[in-house]
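Peer 1: Can you make the complete structure from the sequences, with help from the hints?
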Amino acid sequence: MTNDTTVPSSTSTSTSTFVLRNHAPPARAETIEALFAYAKVNWKLEVPSWPQEQVNQPSGKLPVLVESNTSGTKFVLSETLAIESYLAKKFNLTVSDSPEMVARQVELRTQINDVYELALMHKIGSTEERKVVMEKFVGAARAIVRYHEKVLQANGGNGHYFGDRVTYMDIVVFAFFCILNSQIAADMPRALDFFSEHSAPLLNKVYTTTAKEPALADFVSSFRK
Amino acid sequence: MTNLNTSSFILRYFDFIGLGEASRILLTVAQVNWTEENPEWPKEKENQPFGRLPVLIEKSANGDADFVLTESPAIERYIGRLSGLLPADPKQAARQEQLREQQIDITTCFFGQLVKDEEMKERATKKFNDLLFRMFKMHSEILRANGNNGHYFGNELTFIDITSYAFVKLFIKFMPKHKDDIAAIFKSKVTPEFAKLVSVVESDPLLETYIARREKLGPLIAQ
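Here the protein sequences come in this chain order: E and R. Numbering-wise, this note's numbering puts 2 at position 2 of the first sequence, and it's gapless, one number per residue. Numbering-wise, this note's numbering puts 23 at position 23 of the second sequence, and it's gapless, one number per residue.
Don't read these hints as lab results, they were simulated from the structure. Do not rely on the hints blindly, as some may be mistaken.
To be verified - Lysine-lysine pairs mimicking DSBU-like chemistry, simulated, CA-CA at most 35 Å apart: (1) R:Lys177 / E:Lys61; (2) R:Lys196 / E:Lys89; (3) R:Lys43 / R:Lys91; (4) R:Lys91 / E:Lys40; (5) R:Lys179 / E:Lys136; (6) E:Lys74 / R:Lys116; (7) R:Lys189 / E:Lys61; (8) R:Lys189 / E:Lys136; (9) E:Lys74 / R:Lys127; (10) E:Lys61 / R:Lys43.
As the list claims (entries may be wrong) - Now the stretches of chain E that chain R is said to cover, found in silico as 3 or more residues with beta-carbon under 8 Å: (11) 54-68; (12) 85-95; (13) 100-114; (14) 118-128.
To be verified - Residues from chain R that keep clear of chain E, each with C-beta distances beyond 12 Å, as calculated: (15) Gly18; (16) Phe174; (17) Glu215.
From the three backbone atoms N, C-alpha and C, an ideal C-beta is built for every residue, glycine too.
Peer 2: Here you go:
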């Protein structure tokens with residue numbers, strides 16, 4: 001596997017403004033928020049009354065992205081992964097336009113989603129459910145670490161998934177570690193073991209490298225207790 | 001770099017509809033040279049890049065290393081982008097990806113109902129029913145707004161037409177084998193717009209041979 005080193009500039013020249021509709025904190029669409037922060041775009045959080053406003057959402061779920069351009073035209077998009085892919089492209093954070101690299105990004109992001117979903121199931125589950133889910137989380141975490149450490153090694157272990165600049169997958173993993181070290185750890189302390197510096201050194205390097213980006217300073221501090 | 005005319009593709013998946021059918025149909029409509037491998041399972045599990053299926057392997061004719069891809073959403077979108085079935089315009093592509101994500105969510109919930117734990121099953125069932133209702137409503141509105149011509153957008157096959165057809169196929173042919181009430185749920189939820197989509201996709205000349213080898217869904221929806 002080779003990692004494309006043709007990484008475009010991440011500077012966003014977007015003139016659009018963005019509204020992210022989501023549930024109130026502590027719920028967070030952390031990757032989307034991190035993308036906004038890194039791209040330094042104008043965005044705000046809207047927290048609809050729930051469930052009263054459910055019927056007014058495109059698919060009855062949150063988050064929802066509402067993008068307004070300078071002429072006032074709105075583009076409304078739902079589904080977290082579709083929103084992230086769209087914003088990553090818009091903010092020039094996709095590794096390149098090559099279909100192979102875009103597909104690799106989707107693949108890596110989809111894999112990370114497994115642990116997000118399992119962490120949520122663990123949080124809301126009964127005692128018995130939590131045992132079953134924890135077992136699945138262990139399997140998923142090990143598979144992710146095995147695969148992603150190889151990808152990162154192939155890119156020289158420099159703290160980036162592709163090339164030598166921050167791209168979408170760096171932001172994904174950075175945001176994941178923010179949530180892992182806060183909300184997920186509070187509910188599943190054992191989860192930290194699988195993503196520790198010892199178990200996942202290069203994933204941790206992505207996190208620490210990306211966390212140093214000045215544009216993400218406020219975002220990082222928003223996770224501190 | 002991919003050259004659709006000279007690359008060949010292997011789709012590794014189980015010998016059933018599951019999460020591989022959309023990729024099968026996309027590969028067929030893309031008119032690329034492709035074959036399918038059905039690995040022995042679980043014997044071949046640890047030989048897969050991520051320990052699960054499907055896996056797509058693209059072999060280049062010019063000696064480049066194989067491009068190996070996992071995760072059905074990534075595979076579907078890759079074939080979609082290569083073939084132009086997924087639009088190049090970011091907003092149009094995002095819309096189709098959004099619609100596909102909704103169906104993937106429902107599929108995930110379906111599998112969540114197949115667990116032993118009753119509370120988990122109940123939670124997954126509730127979410128499944130809710131998402132299904134919303135999906136049929138929203139997607140039918142889009143199909144209607146496009147003139148109910150059997151396409152979500154325009155008047156030619158696109159990514160979401162194909163993946164929606166595969167979703168209906170999963171519903172009618174795969175899910176009932178694992179859960180008794182699925183056939184009745186589908187019958188109560190399916191809309192004329194989806195029936196039209198199925199009919200139009202099955203009539204597309206690019207799928208003539210593929211459909212001829214399999215049972216058509218149209219008559220099953222009409223029942």
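Peer 1: Holds or violated: is the Cβ of phenylalanine 174 of chain R farther than 12 Å from all Cβ atoms of chain E?
Peer 2: It holds; phenylalanine 174 of chain R is separated from chain E by about 21 Å at its closest Cβ, greater than 12 Å.
Peer 1: Next pair to validate is lysine 177 of chain R with lysine 61 of chain E; report whether the Cα-Cα distance is within 35 Å.
Peer 2: Answer holds: lysine 177 of chain R to lysine 61 of chain E is near 29 Å, not above 35 Å.
Peer 1: At a Cβ distance under 8 Å, does chain R reach at least three residues of the segment 100-114 of chain E?
Peer 2: It holds: at least three residues are needed, and the segment 100-114 of chain E offers 8 whose Cβ sits within less than 8 Å of chain R.
Peer 1: Need the status of pair lysine 179 of chain R, lysine 136 of chain E: alpha-carbon distance at most 35 Å?
Peer 2: 22 Å, holds
Peer 1: What's the verdict on lysine 43 of chain R and lysine 91 of chain R, does the C-alpha distance respect the 35 Å limit or exceed it?
Peer 2: Between lysine 43 of chain R and lysine 91 of chain R the Cα gap is close to 42 Å, so the pair fails against 35 Å, i.e. violated.
Peer 1: Within 35 Å, alpha carbon to alpha carbon, are lysine 74 of chain E and lysine 127 of chain R?
Peer 2: Holds, because 29 Å separates the two Cα atoms, which is no more than 35 Å.
Peer 1: Check whether three or more residues of the segment 85-95 of chain E sit with their beta carbon closer than 8 Å to a beta carbon of chain R.
Peer 2: holds (count 4)
Peer 1: Using Cβ atoms and 12 Å as the threshold, tell me whether glutamate 215 of chain R really stays out of contact range of chain E.
Peer 2: 30 Å, holds
Peer 1: Please verify whether lysine 196 of chain R and lysine 89 of chain E have alpha carbons no more than 35 Å apart.
Peer 2: 34 Å, holds
Peer 1: Would the hint linking lysine 189 of chain R and lysine 61 of chain E be met if the CA-CA limit is 35 Å?
Peer 2: At roughly 19 Å apart (the allowed maximum being 35 Å), lysine 61 of chain E and lysine 189 of chain R satisfy the hint.
Peer 1: Does glycine 18 of chain R really sit off the interface, with its C-beta more than 12 Å from all C-beta atoms of chain E?
Peer 2: 16 Å, holds
Peer 1: With the threshold set at 35 Å, check whether the alpha-carbon distance from lysine 61 of chain E to lysine 43 of chain R stays at or below it.
Peer 2: Violated - the C-alpha atoms of lysine 43 of chain R and lysine 61 of chain E are around 39 Å apart, more than 35 Å.
Of the numbered hints listed earlier, those contradicted by the structure are 3, 6 and 10.
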